[in-house]
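Trainee: The listed protein sequences correspond, in order, to chains L and C.
If you count the first sequence from 1, position 84 lands on 84 in my numbering, and the numbers rise without skipping.
If you count the second sequence from 1, position 98 lands on 98 in my numbering, and the numbers rise without skipping.
Hint data in this document are derived by calculation from the structure and do not stem from the laboratory.
Just so you know, even glycine gets a beta-carbon here, dropped at the ideal spot from N, CA and C.
Each hint can be trusted.
Here are the in silico distance ranges between beta carbons for each label pair: (1) C:W148 - L:K131: 30 to 40 Å; (2) L:R170 - C:T123: 26 to 36 Å; (3) L:E104 - C:I105: 49 to 59 Å; (4) C:I105 - L:N128: 32 to 42 Å; (5) C:D156 - L:A58: 41 to 51 Å; (6) L:N152 - C:T123: 41 to 51 Å; (7) L:R170 - C:I108: 26 to 36 Å; (8) L:K131 - C:F120: 26 to 36 Å; (9) C:N152 - L:D156: 51 to 61 Å.
Derived list of chain C stretches under chain L, where covered just means 3 residues or more per stretch with a C-beta under 8 Å from a C-beta of chain L: (10) 25-38; (11) 41-53; (12) 79-90.
2 protein chains.
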Amino acid sequence: MEVNVRNNIYVALVHYPVYNKNSDIVATSVTNFDIHDISRTCRTYDINKYFIITPVDAQIELTSRIVGFWQEGVGIDSNRDRNEAFENTLLETSVESTIDKIKEIEGIEPKIITTSAKIFPNTVSYENLSKEILEDKTPYLILFGTGWGLTNEIMDMSYKILEPIRGNTRYNHLSVRSAVSIILDRLLGEI
Amino acid sequence: MEVNVRNNIYVALVHYPVYNKNSDIVATSVTNFDIHDISRTCRTYDINKYFIITPVDAQIELTSRIVGFWQEGVGIDSNRDRNEAFENTLLETSVESTIDKIKEIEGIEPKIITTSAKIFPNTVSYENLSKEILEDKTPYLILFGTGWGLTNEIMDMSYKILEPIRGNTRYNHLSVRSAVSIILDRLLGEI
Numbered sequence: 001m002e003v004n005v006r007n008n009i010y011v012a013l014v015h016y017p018v019y020n021k022n023s024d025i026v027a028t029s030v031t032n033f034d035i036h037d038i039s040r041t042c043r044t045y046d047i048n049k050y051f052i053i054t055p056v057d058a059q060i061e062l063t064s065r066i067v068g069f070w071q072e073g074v075g076i077d078s079n080r081d082r083n084e085a086f087e088n089t090l091l092e093t094s095v096e097s098t099i100d101k102i103k104e105i106e107g108i109e110p111k112i113i114t115t116s117a118k119i120f121p122n123t124v125s126y127e128n129l130s131k132e133i134l135e136d137k138t139p140y141l142i143l144f145g146t147g148w149g150l151t152n153e154i155m156d157m158s159y160k161i162l163e164p165i166r167g168n169t170r171y172n173h174l175s176v177r178s179a180v181s182i183i184l185d186r187l188l189g190e191i
Numbered sequence: 001m002e003v004n005v006r007n008n009i010y011v012a013l014v015h016y017p018v019y020n021k022n023s024d025i026v027a028t029s030v031t032n033f034d035i036h037d038i039s040r041t042c043r044t045y046d047i048n049k050y051f052i053i054t055p056v057d058a059q060i061e062l063t064s065r066i067v068g069f070w071q072e073g074v075g076i077d078s079n080r081d082r083n084e085a086f087e088n089t090l091l092e093t094s095v096e097s098t099i100d101k102i103k104e105i106e107g108i109e110p111k112i113i114t115t116s117a118k119i120f121p122n123t124v125s126y127e128n129l130s131k132e133i134l135e136d137k138t139p140y141l142i143l144f145g146t147g148w149g150l151t152n153e154i155m156d157m158s159y160k161i162l163e164p165i166r167g168n169t170r171y172n173h174l175s176v177r178s179a180v181s182i183i184l185d186r187l188l189g190e191i
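Here chain L stands alone, though its shape is the one from the complex:
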């Protein structure tokens, strides 16, 4: 069993700009499970920071309250594991401000990784990206879209695009929480 130690990997869950069912660009709501499950997964895979991106005031307030509860509030004593899970969870208002934040921490812009059910010229396999990020000192930011997915404008920022998790099955509608778990395990897992 091999453990990959990579401490410059960042994850962001994008609530804006994403598409809805009708391909309109919308802001989706932050859900409590997106905060909890993904914080725990990111902590387990030693992600440097997990950014929850939303520009909507009411959503920022709600999310801050939940994250704050576990970071500083009474949540600390009721469940220390959960407190630890939230240590590296942050709010940001846009993909651009998230990139700026990483640049501030790392001194260099991250390479943007996205996922898509479609194949692009810069589509990459899990195996190849896993090897690449182990050798490369550049920070990486893996963006996950909510709703019906990241807008084309954001997709165009991709350095590389991960191939579909299940290319050969008929049904492929994983929750974003499951997708984050599987993708981090494939890129950073021990196998």
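With chain L held as given, fit chain C onto it using these hints.
Mentor: Same frame as chain L, but now just chain C:
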């Protein structure tokens, strides 16, 4: 990329009997996200049936209502992908009745697989179990515990026990939804 076609794998999420924080044996509540996320993951990985196990009347009623909404109710038209995800989701009242149900379908009892953070004499690696179930025609039932995990009595039913997902990291508190996703991907994924 290789696709493993195994159509005799079953998954169950056990809400009773499991431990709570103080090692009492309790029945936990079914959460909406456990129903949705795990149904979608199981459908994606071609799991034959996903059983939600609870003996509590109020929980059975609530869960039936949610699953029924997507299987037969207005949910069908609002989101056909979600309807499809729920096609193979069933309720059972105990681990024993779940085993009986599989026996009814397959004509033979399933081999029980569990997961644990601890190492047992019958602990197995993901790679080895993945190979084994590809070659073996016997049905397999993978049990996942909620709360603080499956009771010793249930663990003792294990044919094999999967090794910890993250054996070498300090923090290992994935949600059960994330654990199911990662484990099915490791056992049945395309890589």
